[in-house]
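S.K.: Chains as they are written, first to last, in numbering that gives the first Met the number 0: chain A, 0 to 200; chain B, 0 to 588.
Be careful, since some hints might not be right.
Below, computed lysine-lysine pairings styled on DSBU-like, alpha-carbon distance capped at 30 Å [to be verified]:
1. B/K334 <-> B/K237
2. A/K67 <-> B/K234
3. B/K282 <-> A/K26
4. A/K139 <-> B/K236
5. B/K271 <-> B/K236
6. A/K113 <-> B/K582
Simulated from the structure, these hints should not be mistaken for lab results.
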Amino acid sequence: MQDTGKNIIIAGVGGQGILLFSNLLSKYYMKLGYELKISDVIGLGQRGGGVESHFRYSNKPVLSPFIKSGDVDYLLSFEQTETLRYLHCLKDDGIVFTSTFELSTSSVNTRLEKDMPESKTELIKRSGKKTFIIDPEENKSPDFDISKMMNIVMLAIYAEFRGYPHEEMIEIVRESVPAKFIEGNIKAYEKGVEIARAFAL
Amino acid sequence: MNGNEAVARGAFEAGVKVASGFPGTPSTEVMDYTKYRYPDIYCEWSTNEKVGLEVAIGASFAGYRSFAVMKTVGLHVAADALGGAAGSQINGGLVLVVGDDVGRIAGDDYNDVRHYGNMFNIPVLEPSDSQEAKDLMIKAFEISEEYSTPVILKITSVICKTTSGVSIDESATYKVKIKQKYKVSFSKVIMTTMMMNAKGSEHPKLTKCFNDFPAHMRRLAEDCNNFDINKLELKGKKIGVITAGTPYFYTTEVLPDASILKVGMVMPLPEKLIRELAAHVEKLYVIEDGHDIMEKNIKDLGIAVIGKELFPKFPEMMRFTPDIIEEKLVPDAPKRTLMDGIPFRLPVSCAGCSHLFISQILRNHKIKAAADVTCGLIGCFPHMESYSLQKCMGSSIALAHGYNVATDHKENFVAMIGDGGFWATGINGLMNLIFNDSQSTTIIVDNSCLAMTGGQHIASSEFGFNYKPENKLEIAKVCEAIGVKDIVTVDAYEFENLEKAILNAVNSNTNSVVIVQKPCVTKFKLPKSDIYQIDQDLCTQCRKCINIGCLAIESKKGKDGKVEIVINEDLCVGCGLCSTACKFDAINS
Chain A
0 MQDTGKNIII AGVGGQGILL FSNLLSKYYM KLGYELKISD VIGLGQRGGG VESHFRYSNK
60 PVLSPFIKSG DVDYLLSFEQ TETLRYLHCL KDDGIVFTST FELSTSSVNT RLEKDMPESK
120 TELIKRSGKK TFIIDPEENK SPDFDISKMM NIVMLAIYAE FRGYPHEEMI EIVRESVPAK
180 FIEGNIKAYE KGVEIARAFA L
Chain B
0 MNGNEAVARG AFEAGVKVAS GFPGTPSTEV MDYTKYRYPD IYCEWSTNEK VGLEVAIGAS
60 FAGYRSFAVM KTVGLHVAAD ALGGAAGSQI NGGLVLVVGD DVGRIAGDDY NDVRHYGNMF
120 NIPVLEPSDS QEAKDLMIKA FEISEEYSTP VILKITSVIC KTTSGVSIDE SATYKVKIKQ
180 KYKVSFSKVI MTTMMMNAKG SEHPKLTKCF NDFPAHMRRL AEDCNNFDIN KLELKGKKIG
240 VITAGTPYFY TTEVLPDASI LKVGMVMPLP EKLIRELAAH VEKLYVIEDG HDIMEKNIKD
300 LGIAVIGKEL FPKFPEMMRF TPDIIEEKLV PDAPKRTLMD GIPFRLPVSC AGCSHLFISQ
360 ILRNHKIKAA ADVTCGLIGC FPHMESYSLQ KCMGSSIALA HGYNVATDHK ENFVAMIGDG
420 GFWATGINGL MNLIFNDSQS TTIIVDNSCL AMTGGQHIAS SEFGFNYKPE NKLEIAKVCE
480 AIGVKDIVTV DAYEFENLEK AILNAVNSNT NSVVIVQKPC VTKFKLPKSD IYQIDQDLCT
540 QCRKCINIGC LAIESKKGKD GKVEIVINED LCVGCGLCST ACKFDAINS
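All chains, please: the whole structure from these sequences, using the hints.
M.R.: In structure tokens, the structure reads:
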């Protein structure tokens with residue numbers, strides 16, 4: 000069946016390359032001729048603030064720039080506190096791809112509020128959604144800095160899951176990132192494919 | 000294209016000659032795209048919004064299309080200039096591109112630029128997507144020239160940061176448009192004086208000063224019923240909605256059967272179209288982001304609409320979402336709620352930011368201080384508590400001066416200000432305190448750019464659109480020229496020197512300025528030094544280091560479930576501030 004379009008939320012914190020991720024993905028869908036609306040919500044603070052990107056592609060004109068809660072097909076998150084923030088937006092059969100990376104919040108650090116008593120990873124696992132959880136610690140590589148390139152790793156995992164051609168994705172990465180980062184990005188992409196294949200997607 | 004890109008494209012296609020303004024989230028990038036994509040257009044970041052708008056007004060009088068870009072908070076600064084331009088003779092089209100931070104996405108106040116439309120009786124256009132952002136930018140110049148009025152293009156944090164398709168004529172070339180209809184252009188004060196005293200006179204010396212601006216606006220209010228940017232879509236009879244901006248798309252998605260009047264010009268409103276819709280439907284709603292401005296203007300026409308009573312504004316709703324419309328207007332819509340207890344993120348300074356050093360010294364020595372609008376205002380938040388007073392941009396110097404004169408200079412209340420805020424309007428506060436014989440201390444954070452909005456250049460930067468080394472303004476020299484008695488310049492990372500400089504300044508009984516230098520760590524990507532680590536055996540978890548407010552210091556559960564204070568090695572830049580805070584020598588590089 001032809002893909003008529005999907006609603007995706009991409010979430011994380013500032014500095015994780017979320018906007019680059021949605022930019023790369025948009026190039027792929029534009030090549031396929033889809034209509035797109037991508038809305039980025041960036042909080043105050045240069046670094047460490049929450050970032051969410053509502054990414055919609057469709058074979059019909061996309062109306063709302065924001066996805067209504069309950070209409071999200073995929074949640075791609077680079078930080079697990081942020082993953083929890085958007086779980087309720089997923090469709091019943093929506094799917095979660097998340098990193099176990101966690102940037103503790105200033106409010107918890109300074110004891111303005113208590114952290115959640117339970118493990119966030121466990122909460123995600125028990126959300127009742129299909130989840131793919133990626134631990135950056137376990138996937139560290141000397142070839143690239145996974146703390147900075149989780150976006151590219153995630154792009155590869157998503158592409159594998161959707162059955163998109165990796166050569167085309169890598170080409171888009173190559174066209175889009177500064178020359179000195181291309182090699183590292185490709186290594187990160189390859190790592191993502193490896194992780195995805197281990198999930199047997 | 001995102002909305003900011005689309006507005007810049009619109010400026011290019013409209014043949015704009017001059018772009019000016021002042022950075023402000025979410026609309027800052029309008030200028031960047033204009034500058035780098037369309038080099039034919041003269042661009043400048045001005046010292047503040049008022050100056051920026053005045054530059055655009057001057058260019059417009061010369062006959063050239065010009066725009067000034069700013070956020071709504073910035074238009075408060077420029078409001079006097081807008082009041083002067085409103086109702087005056089306009090030659091080249093004059094457009095204000097103003098960013099409203101609906102939903103306080105970037106942390107702004109609850110502002111709504113449309114109030115200026117009401118106050119000054121000038122048109123406001125509001126796009127719903129990037130295509131319209133481009134089209135309405137062009138339309139704004141046409142309206143400005145046709146009806147002799149400045150026009151506000153209201154863009155929002157959603158429009159600015161949403162990417163959607165825009166059709167572009169790639170072969171379009173840049174053509175400057177020139178219109179020199181009026182020989183003079185005076186503020187309304189002069190024109191109203193003419194109206195009152197010279198009515199009926201045909202003498203050209205009198206008539207050239209007179210501009211019948213109320214008549215222009217009446218004509219626009221009539222004509223806008225036929226503008227194609229105002230679209231009436233008559234469908235079902237149950238629900239009618241008057242809407243503008245991105246809420247138009249939330250509405251069409253949630254209520255596909257509703258009859259909708261989508262206005263591209265939110266001020267003045269197309270009265271005939273509103274009455275036509277009102278007559279067609281059983282219930283009429285207004286769905287508008289920001290304040291209830293269209294709603295009030297429609298009610299003023301004597302038309303019953305439902306708005307705020309069903310959709311309470313602040314603080315219940317910061318901006319419309321499809322969810323809010325569905326909850327109220329779609330019976331039996333499923334309700335989905337956020338998981339409880341997810342910690343929130345207060346803004347945190349970047350690791351290595353010079354502001355952290357200053358905040359730390361003020362806190363350590365219990366020095367009372369006012370912060371400005373700068374990255375340093377993060378020091379006001381409850382996880383840092385370094386400042387007790389903070390208001391608008393450029394205000395801190397005068398705030399501290401006011402405090403000091405009221406308390407007979409017994410408390411030495413200090414002002415901290417960023418270099419951007421200093422040049423924008425803070426310098427006025429400094430001049431004021433000198434000639435009023437005040438003894439206040441001012442800390443000026445010289446990080447070589449306007450850091451908070453992403454590092455745009457300012458008068459003391461060593462880069463910029465129109466930068467020449469010989470034109471760079473030196474903060475210290477200007478302070479000296481103004482008459483500051485005691486001026487010290489220190490490197491932020493030399494902690495002991497900085498501490499000494501601040502204490503000396505505070506304790507001296509003359510006016511003083513401490514200039515704290517360190518380029519913005521994020522803009523200039525400073526090289527990292529050796530990163531620091533916390534020795535868990537020595538750490539007592541006193542949390543002194545956490546209270547610095549550095550993004551790199553975290554309180555985390557380790558693998559064994561025990562809470563540890565740790566330094567995030569990916570974020571640490573090795574500035575060493577945390578090691579000065581530790582009494583137990585647990586933090587070392």
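S.K.: Does each hint hold? Answer for all of them.
M.R.: We went through each hint and held it up to the structure:
no., hint, result
1, B/K334 <-> B/K237, "holds, 23 Å"
2, A/K67 <-> B/K234, "holds, 23 Å"
3, B/K282 <-> A/K26, "violated, 43 Å"
4, A/K139 <-> B/K236, "violated, 60 Å"
5, B/K271 <-> B/K236, "holds, 18 Å"
6, A/K113 <-> B/K582, "holds, 26 Å"
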